[in-house]
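Go ahead and model the full structure; you've got the sequences and the hints to work with.
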Amino acid sequence: MIWQALTLQLGYNATLVAIGAMLLGVSAGVTGTFLFLRKRALVSDAISHATLPGVGLAFIVMVAFGGDGRNLAGLLIGSAATAALGLASVQWLTRRTRLAEDSAIGAVLSVFFGFGIVLLTVIQTMQSGRQAGLDGLLLGSTAGMLFSDAVLIAVGGALTLALTLLLRRPMIMVAFDPEFAAAQGMNTRAVDFATMALVMAVTVVGLKIVGLILIVALLIIPPVTARFWTDNTARVWQLSGVIGGVSGFIGAAISASAPALPTGPIIVLTSFTLFALSLFFAPNRGVLAAILRHLRFQRRVHMRQGLLALAQGQPIFERYTMRILAREGLARADGVATDDGRARAAKALLDEKRWEILRGMADHESTAALYDGLRQIETVVTPDQLAEIDARIAAPQGVPA
Amino acid sequence: MGSEFVSLSLPPMLIGIFAAIACALPGNFLVLRKQALIGDAISHVVLPGIVVAFLFTGTVTTWPMMIGAAVAALVAVILIEAIQRLGKIEPGAAMGVVFTSMFAAGVLLLERSDTSSVHLDVEHALMGNLESLIWLDAFGWSSLLDPEALAGLPPELPRIFIAMVGVIAFIWIFWRPLKISTFDEGFAQVMGMQTGALGLALVAISAVAAVAAFDAVGSIIVIAMFICPPAAARLMTNRLGRQVGWSVVFAILSAVFGYVFAGYGPMWFGGQDSVSAAGMIATVSGVILALAALFGPARGGSQA
Numbered sequence: 015m016i017w018q019a020l021t022l023q024l025g026y027n028a029t030l031v032a033i034g035a036m037l038l039g040v041s042a043g044v045t046g047t048f049l050f051l052r053k054r055a056l057v058s059d060a061i062s063h064a065t066l067p068g069v070g071l072a073f074i075v076m077v078a079f080g081g082d083g084r085n086l087a088g089l090l091i092g093s094a095a096t097a098a099l100g101l102a103s104v105q106w107l108t109r110r111t112r113l114a115e116d117s118a119i120g121a122v123l124s125v126f127f128g129f130g131i132v133l134l135t136v137i138q139t140m141q142s143g144r145q146a147g148l149d150g151l152l153l154g155s156t157a158g159m160l161f162s163d164a165v166l167i168a169v170g171g172a173l174t175l176a177l178t179l180l181l182r183r184p185m186i187m188v189a190f191d192p193e194f195a196a197a198q199g200m201n202t203r204a205v206d207f208a209t210m211a212l213v214m215a216v217t218v219v220g221l222k223i224v225g226l227i228l229i230v231a232l233l234i235i236p237p238v239t240a241r242f243w244t245d246n247t248a249r250v251w252q253l254s255g256v257i258g259g260v261s262g263f264i265g266a267a268i269s270a271s272a273p274a275l276p277t278g279p280i281i282v283l284t285s286f287t288l289f290a291l292s293l294f295f296a297p298n299r300g301v302l303a304a305i306l307r308h309l310r311f312q313r314r315v316h317m318r319q320g321l322l323a324l325a326q327g328q329p330i331f332e333r334y335t336m337r338i339l340a341r342e343g344l345a346r347a348d349g350v351a352t353d354d355g356r357a358r359a360a361k362a363l364l365d366e367k368r369w370e371i372l373r374g375m376a377d378h379e380s381t382a383a384l385y386d387g388l389r390q391i392e393t394v395v396t397p398d399q400l401a402e403i404d405a406r407i408a409a410p411q412g413v414p415a
Numbered sequence: 004m005g006s007e008f009v010s011l012s013l014p015p016m017l018i019g020i021f022a023a024i025a026c027a028l029p030g031n032f033l034v035l036r037k038q039a040l041i042g043d044a045i046s047h048v049v050l051p052g053i054v055v056a057f058l059f060t061g062t063v064t065t066w067p068m069m070i071g072a073a074v075a076a077l078v079a080v081i082l083i084e085a086i087q088r089l090g091k092i093e094p095g096a097a098m099g100v101v102f103t104s105m106f107a108a109g110v111l112l113l114e115r116s117d118t119s120s121v122h123l124d125v126e127h128a129l130m131g132n133l134e135s136l137i138w139l140d141a142f143g144w145s146s147l148l149d150p151e152a153l154a155g156l157p158p159e160l161p162r163i164f165i166a167m168v169g170v171i172a173f174i175w176i177f178w179r180p181l182k183i184s185t186f187d188e189g190f191a192q193v194m195g196m197q198t199g200a201l202g203l204a205l206v207a208i209s210a211v212a213a214v215a216a217f218d219a220v221g222s223i224i225v226i227a228m229f230i231c232p233p234a235a236a237r238l239m240t241n242r243l244g245r246q247v248g249w250s251v252v253f254a255i256l257s258a259v260f261g262y263v264f265a266g267y268g269p270m271w272f273g274g275q276d277s278v279s280a281a282g283m284i285a286t287v288s289g290v291i292l293a294l295a296a297l298f299g300p301a302r303g304g305s306q307a
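Chains A and B are the protein sequences, given in the same order. So the first sequence is numbered by this note's numbering: it starts at 15 and just counts up by one. So the second sequence is numbered by this note's numbering: it starts at 4 and just counts up by one.
Check the hints yourself; a few may be wrong.
[Said to hold, decoys possible] Covered stretches of chain A, as calculated for chain B (at least 3 residues, CB under 8 Å):
| id | region |
| --- | --- |
| 1 | 35 to 42 |
| 2 | 48 to 58 |
| 3 | 105 to 115 |
| 4 | 272 to 285 |
| 5 | 299 to 310 |
Since the hints were made in silico from the structure, they are not lab data. Every residue gets a Cβ at the ideal spot worked out from N, C-alpha and C, and that includes glycine.
Shown next, in the form of structure tokens:
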């Protein structure tokens, strides 16, 4: 069943939903990267919660004019209107009052959402039974979706993605270096506005699939995940788009494969799985890489100290040091150095002395500053300089009177 | 009117007021510390905690749920901190990753488990059931002095009252350290205060308030009450003491007017049924915040 879903063999609607979710995931991942880099990830939470009153109002208006209140296009237009109002409120509160952005976000999302709930209860009492579709927008529901809705979502996802790709260059510039972008004659406020408009578009298209409470995850998790894999700033948004797309597609497919697997939560948990894998296994920034790096460092420090102790004939009490030396065949279990060990120890002591001389040479100050006890001296000075240092070590040093 | 009011409206209104105060008090410090969204995160992660507690015990009883919710809040705070440090991710994004994922897990667990026999669903978690917390044993104001009738009070009322008293005690005892560490963390450290532990304690007491309130009024009010009254109060004054006072006043106003508008408002417009009290309380608190942002005497000023 799951295999069929992944290969798009579960019928026309499921296929359209999966493709729509994938397109939505890609545009959310790319757009979210710019929010993330601007450190405004949670603004999208306010925007998505602010869609609810719009949905309710649109329903009421459509019914009042004798139409079908569940028309998805109408609901989405309504949600975009209040989402814009919510975003404007956040901006207004942050600019015009001394409240910080986080308070503004929290206030807007709770108040708009609360008002949305009030409207939902009004609708419940208006015409019982016809409200069924609206709850689905809280957490997303694709089961029993109309064909026209599925098409709307697929087309909406494609349009959003196209716009995102079209606007990516100015958005990259503003996200990475706003001052530079402004100096280049770019209207940074317009670009910021465009970013926010795209976030709104993603939110609105995602309402039906992921639901308004969880859509923010699609904007935040992929860029955070991508950030683990690369420090190359231009790669982050591409990778984030791929991660978002994969989560959307796999999540929608899993959800279509069995009942009682709500689409929104499944998509979010799929992207969280990718995030968790990255957190642990990513090269460089991952937890595993950090642990390995630490162990390697620890080993080098112990090795160095052990060799210096051997060279100076001091006993070694550290068990870990002793174990490393024994395993490398540099010392016997009782702490006596082997021939190999004596040679390496002598070299370590000599290097220590060389560094000392180097620190005393005024014109090598910056090189000497590289000393950290672990760095091989051959890697920072030329053979000629090394010979010069060695000559100084050998030179007579004066006789204490 | 009197007896009907005491049995049908007084308990939910009191619960709303106590919940609003319990959340608004720690909210003052969260808003000043720019941690307002911690309240948002906590109220989302409470859901998986409650669902897991239900799966373990099989019943919807108070204590397992409280413990489950508290554990979930703790797990969330640890995860946010860990992701922030391990991945060098900014706090907002780390929070976004954790609370959405945990909420999604909660929803999924809820859908996959058989909760049809008990009153546990996502809508309930969001909106609470303030309207249903009525006091059937009351017959007028005299019941307030009748121990037999008092035993029939909805259990949420004493629970949220105790939580509120706990929050008040915490704020009162730690007033000075909280104040100093909020405005000047470096100075507080020089004074020898454990600012890290204090910050964690503040988050913990917020979680207690959120969990206790969540049970009765749902997560919307919790978020709204953490942020709106303190934010509005901040626009009224430059003194912390007065700000806390204002926030309590705003919280009470939101709860009372929100409840009244929800219950009687639709009738004024010719409707018959009431609307969601939780949603209305949040809405009223938003209106208060908007008024404060427009006319508050300290709305744009810098710190005095």
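Check of the region 48 to 58 of chain A against chain B for coverage (Cβ-Cβ below 8 Å, three residues minimum): holds (count 5)
Can you take a look at whether the region 299 to 310 of chain A is actually covered by chain B? Rule is 3+ residues, C-beta closer than 8 Å. holds (count 3)
Coverage of the region 105 to 115 of chain A by chain B (three or more Cβ within 8 Å): holds (count 7)
At a Cβ distance under 8 Å, does chain B reach at least three residues of the region 35 to 42 of chain A? violated (count 0)
Can you take a look at whether the region 272 to 285 of chain A is actually covered by chain B? Rule is 3+ residues, C-beta closer than 8 Å. Held - the region 272 to 285 of chain A has 8 residues with a Cβ nearer than 8 Å to chain B, which meets the minimum of three.
Of the numbered hints stated above, the single one contradicted by the structure is hint 1.
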